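**Student:** Number 48 in our numbering belongs to position 50 of the sequence shown; there are no gaps in the numbering.
What you were told as hints is all true, and nothing was included just to trick you.
Here are the in silico distance ranges between beta carbons for each label pair:
1) Asp31 x Asp86: 32 to 40 Å
2) Arg96 x Ser17: 14 to 22 Å
3) Gln63 x Ser17: 25 to 33 Å
4) Asp56 x Asn87: 18 to 26 Å
5) Ala20 x Gln63: 30 to 38 Å
6) Asn87 x Ala30: 23 to 31 Å
7) Arg60 x Arg24: 27 to 35 Å
8) Arg9 x Ser58: 12 to 20 Å
9) Leu57 x Lys32: 13 to 21 Å
10) His29 x Glu75: 16 to 24 Å
Hints listed in this document are in silico derivations from the structure and should not be mistaken for laboratory results. Keep in mind the model is a prediction, meaning the values are calculated, not measured. All C-beta atoms in this analysis are idealised placements derived from N, C-alpha and C, irrespective of residue type, glycine included.
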Amino acid sequence: MALGGEESSMRDYSSEIDSHWATIERAWNDHADKLPIIECDLAKGQVIAYPAKEYIGDLSDRTRQETQRCYDRAVREGSMMLFIRDSDNRILQSYVFRRTKR
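Modelling step: build the complete structure from the supplied sequences, incorporating the hints.
**Tutor:** What follows is the structure in structure tokens.
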């Protein structure tokens, strides 16, 4: 799901995800018991684990319900929800990945 400037087309952030993957995975593993949403902010170069309820609550009315449905499905499937924040292009794009267990 893409939110913001380019809703109709998904950008390919796979190289950015790959370059931050170790940090994304660590953020998830450190907080997995709380089922967080992980955000990778490209402009700041930060990866942060957020409480899902607060993160979803801060989204626009237009996107909140769909994000909640996607998050609920990800949790049921034992997956992690990741958002890529690309401030330069005004994009907030979500991904769902199978959790890794250590």
